[in-house]
Amino acid sequence: MKLITFLSDFGLNSSYVSQMKGVALSITDIKIIDISHEITPHNIREGAFVLRASIPFFPVGSVHVAVVDPGVGTERRGIVITTPSQILVGPDNGLLIPAARYLGDFTIYEITNTKLMLNSVSNTFHGRDIFSPIAAHILNGVLFEHIGPIITDFVDLDFGNFEITDNSVMGKIVYIDGFGNIITNIDGLKLRNVLDFDKKVTIFIGKRKLQTQFVKSYNFVKKSEMLATIGSSNLFEIAINQGNAAKKLGVKPDDDIKILFS
Amino acid sequence: MKLITFLSDFGLNSSYVSQMKGVALSITDIKIIDISHEITPHNIREGAFVLRASIPFFPVGSVHVAVVDPGVGTERRGIVITTPSQILVGPDNGLLIPAARYLGDFTIYEITNTKLMLNSVSNTFHGRDIFSPIAAHILNGVLFEHIGPIITDFVDLDFGNFEITDNSVMGKIVYIDGFGNIITNIDGLKLRNVLDFDKKVTIFIGKRKLQTQFVKSYNFVKKSEMLATIGSSNLFEIAINQGNAAKKLGVKPDDDIKILFS
Amino acid sequence: MKLITFLSDFGLNSSYVSQMKGVALSITDIKIIDISHEITPHNIREGAFVLRASIPFFPVGSVHVAVVDPGVGTERRGIVITTPSQILVGPDNGLLIPAARYLGDFTIYEITNTKLMLNSVSNTFHGRDIFSPIAAHILNGVLFEHIGPIITDFVDLDFGNFEITDNSVMGKIVYIDGFGNIITNIDGLKLRNVLDFDKKVTIFIGKRKLQTQFVKSYNFVKKSEMLATIGSSNLFEIAINQGNAAKKLGVKPDDDIKILFS
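Residue numbers (my numbering), protein chains in the order written: chain P, 1 to 262; chain U, 1 to 262; chain R, 1 to 262.
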């Protein structure tokens, strides 16, 4: 199975996403899966989070093309990242790094071989003209050495640190999902070492302070009630059962969060 | 052809939809089609309607995974429904039932075999951890007896009754589509037995009363004019030619509707 | 590879898009790619632009089904257009014509053979009942002569003329993309003959006059600054670096644009 996934901030109303797919399909017969094309325009961190959250579930050998690329057309480099199991293609702006780190030891190749690009490369759309054809050529067996030189001075990106003590956790909001669930950078397994389900917690988030319960799943509180839980990506999150917590609390990614318990 | 369709209320901006697809593709090489991921969050009836409207057009052997699942993580069961032609997988909350009923005699299996699930099942995302892998294993030929026991006490759901007399019809709004067309639960073929095209009708909907015409298609009235017709799912609907009837009338699913004619 | 693309104004929240796909998959095993389903409802020109922008990147032999169809159910004809490389299927309302013209010499067949349609053709959804099955039958090798008669009196559509002089260009806005970039009908290559990158330009657009720079790519001005460039479809466009130019300027498709330079 030759599988390419696509992630971008292009939206689905324009022709851009389909142009990338058409280019890859013109090179080789592949299966295509969309991760998301509704990343907030130019928001590299959000794109990096969604990509990182998706890739654990894809088969070995998958090639992921990700394009959130405010630096397109400048000296910003294009890169291919090889890992023990999957391959990432996109701009050298941090977008691919959290996913690469999750996948294990990685090697980064700068894309310099113009023979692997579209004949005419635009200044504004490297997703179509460079990244998508490179992904298709990789699935056709091109040697990574032929893509370009190995680099080590890549642009890094992470989701910040979190601190767990015996009675508190401090971290950051990293993502708001489509339900309005507020997802943080706090590792769920580590949190479980110091905090049991069904305990009451006090949360400081944005300018608010709220009392809520740390529960196993959304439905362990009544409908429309606030709760804290560990979400499906094993991250601490704040939600409202069948409601929109982010809208209610007026918070956004990068806001600090502090949780107290006893 | 191994075909899985997906329907959910996840939206397309997060990683959730792609996680379900990655899981299925990691088990077997399948073709994937999206029905919709823009069901109103937690709206089981809306999901049930969209699923029911889609499945008549899919090939024999298709497996449909549907996830509108406000009860995830509680005692709510997961089920597989077999029918004479297609297979349905999802939560036991009514979501799958109108589609199952359309497809004919059906049998419901509770999903209990943990060997067919992801290794680690989260409390908040059974679409990824249970329903998607089950669908892939079904396409790989797993025996339905190995999924779990047959149950008969499933959660039921229907779109309500409608009444047709010689000069009136009473029913309910079941869905508003992307054009703002107002779709009811009133069967078009049965309505045609008592009402001919090009007749004038009086409609009571929400708090409004309106006079309009029952026509063959949107274009049989002038642009921006209200009309009544039989839509592509053979249901009575109210529309505005090239306009948004639901917005204009301020109605919503579950509102009653009464049509008078002479 | 049997490839069908779909473009429509149906949106992604309803069952309509999946119904079209299910119908095609019930006829033959095909690969399916979405161009877009978020065309503004009933906006034929916008659909024609997005289709025309996509098709240069698809493989020879692709079949494109496009449905922006306010005239469905009337005398409006359905057509298949053959070109030297790809095939177009949809309503005879101009939607397919700019794409057909780009692809070269084309021939138009009116769809009249009811054997190639669904058994029961609705009055409101020819995308599902006529265009999608026709596309599948074409990929199965049906002879074009069996679709229906050749016609020459098709409904035409173009994106208007533009005029380039030694110190000015006049044209029209044809499209606003998901970033808010304002795309015009002015050919980029021809413009480059009279205007060099890094020149200052004066632009009259809507009721506004603005001074900006004609640059190679978005990033050649500071963040949040206005710019003019040649976009990825080789058309002159106005943008804001990492911002939304259309929202800021309050312009829309079909507005006139005039560019002065010296």
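Please keep in mind that the hints were generated in silico from the structure rather than gathered at the bench. A quick note: this is a predicted structure, and the numbers were derived from the prediction, not measured. A hint or two may mislead.
No copy labels: a pair is met if it fits in one copy or bridges any two.
Mimicking DSS-like on lysine-lysine, the simulated pairs with C-alpha atoms at most 25 Å apart in a straight line are [said to hold, decoys possible]:
1) 2 to 31
2) 252 to 223
3) 2 to 258
4) 199 to 209
5) 31 to 248
6) 190 to 247
7) 115 to 216
8) 200 to 2
9) 31 to 247
10) 31 to 216
11) 172 to 2
12) 258 to 200
13) 248 to 199
For each hint, the structure was consulted:
no. : hint       : result
1   : 2 to 31    : both (6 Å within a copy, 13 Å between copies)
2   : 252 to 223 : both (23 Å within a copy, 22 Å between copies)
3   : 2 to 258   : neither (44 Å within a copy, 47 Å between copies)
4   : 199 to 209 : within (17 Å within a copy, 54 Å between copies)
5   : 31 to 248  : neither (40 Å within a copy, 39 Å between copies)
6   : 190 to 247 : neither (28 Å within a copy, 45 Å between copies)
7   : 115 to 216 : between (53 Å within a copy, 22 Å between copies)
8   : 200 to 2   : neither (48 Å within a copy, 47 Å between copies)
9   : 31 to 247  : neither (37 Å within a copy, 36 Å between copies)
10  : 31 to 216  : neither (36 Å within a copy, 34 Å between copies)
11  : 172 to 2   : neither (37 Å within a copy, 42 Å between copies)
12  : 258 to 200 : within (14 Å within a copy, 51 Å between copies)
13  : 248 to 199 : within (23 Å within a copy, 48 Å between copies)
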